[in-house]
Amino acid sequence: MFDGYTASELVSILAMQGFAGLILFSVFLLMALGLAIIFGQMGVINMAHGEFMILGAYMTYLTSTITAEYFPGLFAGYFFVAMLVAFITAGALGLLMEWALIRHLYKRPLDTLLATWGVSLILQQTYRSVFGAREVGVSLPDWMMGALPLSDTIEVPINGLFVMALTLVISGIVFLLMFRSSWGLQVRAVTQNRVMAGAAGINGRRVDAMTFALGCGIAGVAGSAFTMIGSTGPTSGQLYIVDTFLVVVFGGAQSLLGTIASALTISQSQSTLEFFLSGSMAKVFTLLVVVLILLIRPQGLFVLKVRKA
Amino acid sequence: MFGTRRDMIGLLIFAALILLVLPAALDLFRLNNVGKYLTYAFVAVGLVLCWGLGGVLSLGQGVFFGLGGYAMAMFLKLEASSPEATAIQSTPGIPDFMDWNQITELPWFWEPFHNLGFTIIAIIALPTIFAYILGAMLFKRRVGGVYFAIITQAVASILTILIVGQQGLTGGINGITDLRTLLGWDIRDDSAKYILYYLNGFLLIAVILAGQFIKNGKIGRILVALRDKEDRVRFTGYDVAAYKTFIFCVAAAFSGIGGAMFTLQVGFMSPSFVGIVPSIEMVVFCALGGRLSLLGAAYGALIVNYAKTVFSESFPELWLFAMGALFIGVVVAFPQGLAGLWQQYVQPSLIRLVSRKPSATAPAGPTAPAPGE
Numbered sequence: 001m002f003d004g005y006t007a008s009e010l011v012s013i014l015a016m017q018g019f020a021g022l023i024l025f026s027v028f029l030l031m032a033l034g035l036a037i038i039f040g041q042m043g044v045i046n047m048a049h050g051e052f053m054i055l056g057a058y059m060t061y062l063t064s065t066i067t068a069e070y071f072p073g074l075f076a077g078y079f080f081v082a083m084l085v086a087f088i089t090a091g092a093l094g095l096l097m098e099w100a101l102i103r104h105l106y107k108r109p110l111d112t113l114l115a116t117w118g119v120s121l122i123l124q125q126t127y128r129s130v131f132g133a134r135e136v137g138v139s140l141p142d143w144m145m146g147a148l149p150l151s152d153t154i155e156v157p158i159n160g161l162f163v164m165a166l167t168l169v170i171s172g173i174v175f176l177l178m179f180r181s182s183w184g185l186q187v188r189a190v191t192q193n194r195v196m197a198g199a200a201g202i203n204g205r206r207v208d209a210m211t212f213a214l215g216c217g218i219a220g221v222a223g224s225a226f227t228m229i230g231s232t233g234p235t236s237g238q239l240y241i242v243d244t245f246l247v248v249v250f251g252g253a254q255s256l257l258g259t260i261a262s263a264l265t266i267s268q269s270q271s272t273l274e275f276f277l278s279g280s281m282a283k284v285f286t287l288l289v290v291v292l293i294l295l296i297r298p299q300g301l302f303v304l305k306v307r308k309a
Numbered sequence: 310m311f312g313t314r315r316d317m318i319g320l321l322i323f324a325a326l327i328l329l330v331l332p333a334a335l336d337l338f339r340l341n342n343v344g345k346y347l348t349y350a351f352v353a354v355g356l357v358l359c360w361g362l363g364g365v366l367s368l369g370q371g372v373f374f375g376l377g378g379y380a381m382a383m384f385l386k387l388e389a390s391s392p393e394a395t396a397i398q399s400t401p402g403i404p405d406f407m408d409w410n411q412i413t414e415l416p417w418f419w420e421p422f423h424n425l426g427f428t429i430i431a432i433i434a435l436p437t438i439f440a441y442i443l444g445a446m447l448f449k450r451r452v453g454g455v456y457f458a459i460i461t462q463a464v465a466s467i468l469t470i471l472i473v474g475q476q477g478l479t480g481g482i483n484g485i486t487d488l489r490t491l492l493g494w495d496i497r498d499d500s501a502k503y504i505l506y507y508l509n510g511f512l513l514i515a516v517i518l519a520g521q522f523i524k525n526g527k528i529g530r531i532l533v534a535l536r537d538k539e540d541r542v543r544f545t546g547y548d549v550a551a552y553k554t555f556i557f558c559v560a561a562a563f564s565g566i567g568g569a570m571f572t573l574q575v576g577f578m579s580p581s582f583v584g585i586v587p588s589i590e591m592v593v594f595c596a597l598g599g600r601l602s603l604l605g606a607a608y609g610a611l612i613v614n615y616a617k618t619v620f621s622e623s624f625p626e627l628w629l630f631a632m633g634a635l636f637i638g639v640v641v642a643f644p645q646g647l648a649g650l651w652q653q654y655v656q657p658s659l660i661r662l663v664s665r666k667p668s669a670t671a672p673a674g675p676t677a678p679a680p681g682e
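From first to last, the protein sequence lines stand for chains P and W.
The first sequence lines up with residues 1 to 309 when you count with the working numbering.
The second sequence lines up with residues 310 to 682 when you count with the working numbering.
Calculated directly from the structure, the hints in this document are not laboratory data.
Treat the hints loosely; a few may be bogus.
Stated by the list, open to error - Only pairs whose alpha carbons sit at most 30 Å apart, straight line, appear in this in silico DSSO-like list of lysine-lysine: (1) W:502 to W:345; (2) P:107 to W:527; (3) W:617 to W:345; (4) W:449 to W:538; (5) W:527 to W:538; (6) W:538 to P:107; (7) W:449 to W:527; (8) W:449 to P:107; (9) W:617 to W:527.
Stated by the list, open to error - Covered stretches of chain P (in silico footprint by chain W; criterion: 3 or more residues with CB under 8 Å from a CB of chain W, positions within the stretch not fixed): (10) 99-108; (11) 113-119; (12) 244-251; (13) 282-295.
Please read these numbers as outputs of a predicted model, since none were measured by experiment.
Note that beta-carbon positions come from the ideal geometry of N, C-alpha and C, so glycine has one too.
Generate coordinates for the entire structure from the input sequences, incorporating the hints supplied.
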């Protein structure tokens, strides 16, 4: 499959595909981070996660349209507002869903899967009714357009760099929250042993609600980032949900580090393979390898060693 | 052996409904639709066994439905693509979509599907073998519950992408269409549709009987036990993985039969019945009808699909709202589905009405708690 390429061309191809993979990795990781918090820490399968992401994407679209219409002077910076809006709306919706639905189902994880699937159907139809069935795209401010040439044959798009930086920042914040804040300590305590955590004075209900809302909020930001590399339609979220779950499961459900490693592996192999195989075969191949590895090592790449109650 | 007297009465009523009442009441078009809904009931019945009874939720039943359906479709397609019928193609004798994709030779895995005997075996064997591989590997490593659900979902996703991507070999997104005859017998004319409907009905009843046999036998009791306390069953010395694999294979085989009957009655097979969305919908049929009741699941498949047809004919944009609300409502309010409501409210008063004996031995509804994992 390497026939007909010179060595330097191959290097450029691999570099470009590697970079495309990094952008994919960033979006995967943003989506997976929210899911890793909800699924990994709380054991809730949120099938509507993709729709929370799309909510963020639509909020970004709305913000960009409104900014362009009423405050054209501020257009260069609308993205930061959009991300905040996306985070808050997705988080608020997550909080509502947790309160209305999820908290009744914590003891029945397979049932949360079905119920949240129902939520995702309703959200999809809501998007279709509100925003129309056609895909929408946002226009980027000028400074995000264009590409940065690294050498004669290699250049990197600026919006991709921005997404990567964003991912880095958000992962950093999540890490700080989970491992350096007292709130994160409470989350981890509740995950490991709910009863003991309650005995130590931690309000498990509140921790659950906040964790769920945070996970959904991050999904919203992921959607915001997603608008920079693709257009948004009512069912876009569904396309990514299985991949995202695989990322989380493959990484080892309770390990954030594992999530990062697996997002990197999956996205890199997919985008590199995409150049040599057709897009769909690359995806089949990647998913197949992931499933095969999971068949052999079901606990995922990284295992958090915890004694189960 | 096949169930209590009450089970048998229920089954008789169901049989009378699908074999006598519906054919008499509906015109052929609607009846053909009902036949299509009933093919999903095969999957739902399988899900009752593996999910309701065994606690193994598979979100990839569409894979097995699809394998059975594609096996049947491949046979029919080969028959429809005889060299005489496809003389205008650049390579006569291969299916039309292969010709369009510049394939000049029948792929090796299509060859055996010239033979009907092989095809019938494949309809059951392919899903079973596939389920065995998946189940044996996962259950032996004690993967269950949520993880199993996600992996089966990934498998469904892989198979869909594969089918869509390999257009020349599988017919791609359009699926395998334009199926005409089965050994020279035209499956599209009216009498064939009636015959296929009845065949489908009888097969479904046979499958439900088989399900009752499993459910009421030793295997059924062990499955319920391992659903509720897997470790205790394991410590008692049972091979938990073997039982789970077995029931998963049974569910897969049932789905395969359903898929084949779908192809025969509807006249095509496409990847839109294989992927994640149809697989989850099939779980809904089962959940709505009652995850612990074989008959309930069959009714669930009928009712949900009928509602879907009615809704999408008159209020297409409301259908997803209704479906979503149905999901949430069933899961939160009636985890035992319609069958649970029936057994809890209708059946006791019915029994009181019929027997008028205070000592009527009504076993108190389904006492099993909702399977958690």
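Results of checking the hints against the structure:
1. Simply put, residue 502 (chain W) and residue 345 (chain W) have alpha-carbon atoms about 11 Å apart, close enough for the 30 Å limit, and the pair holds.
2. Restraint check for residue 107 (chain P) and residue 527 (chain W): satisfied, since their Cα atoms lie roughly 28 Å apart, inside the 30 Å limit.
3. For the hint pairing residue 617 (chain W) with residue 345 (chain W), the CA-to-CA distance comes to about 13 Å; that is within 30 Å, so the pair holds.
4. Annotation: proposed proximity of residue 449 (chain W) to residue 538 (chain W) holds, straight-line Cα distance about 17 Å (limit 30 Å).
5. The suggested pairing of residue 527 (chain W) with residue 538 (chain W) holds, with an alpha-carbon distance near 16 Å, which does not exceed 30 Å.
6. Restraint check for residue 538 (chain W) and residue 107 (chain P): the C-alpha separation of about 15 Å stays at or below 30 Å, so the hint holds.
7. Only pairs whose Cα atoms come within 30 Å are accepted, and residue 449 (chain W) paired with residue 527 (chain W) is accepted, the gap being roughly 21 Å.
8. Distance hint between residue 449 (chain W) and residue 107 (chain P) is fulfilled; the C-alpha atoms sit about 25 Å from each other, no more than 30 Å.
9. Among the hinted pairs, residue 617 (chain W) with residue 527 (chain W) is inconsistent with the structure: their alpha-carbon atoms are about 38 Å apart, more than 30 Å.
10. Counting residues of the region 99-108 of chain P whose C-beta sits closer than 8 Å to any C-beta of chain W gives 5, which meets the bar of three, so the coverage hint holds.
11. Note: the region 113-119 of chain P has 6 residues with beta-carbon separation from chain W under 8 Å; the three-residue rule is met and the coverage holds.
12. Three residues within the 8 Å Cβ limit are the bar, and the region 244-251 of chain P against chain W gives 3, so the coverage statement holds.
13. By the rule of at least three residues with a Cβ nearer than 8 Å to a Cβ of chain W, the coverage given for the region 282-295 of chain P holds, with 8 such residues.
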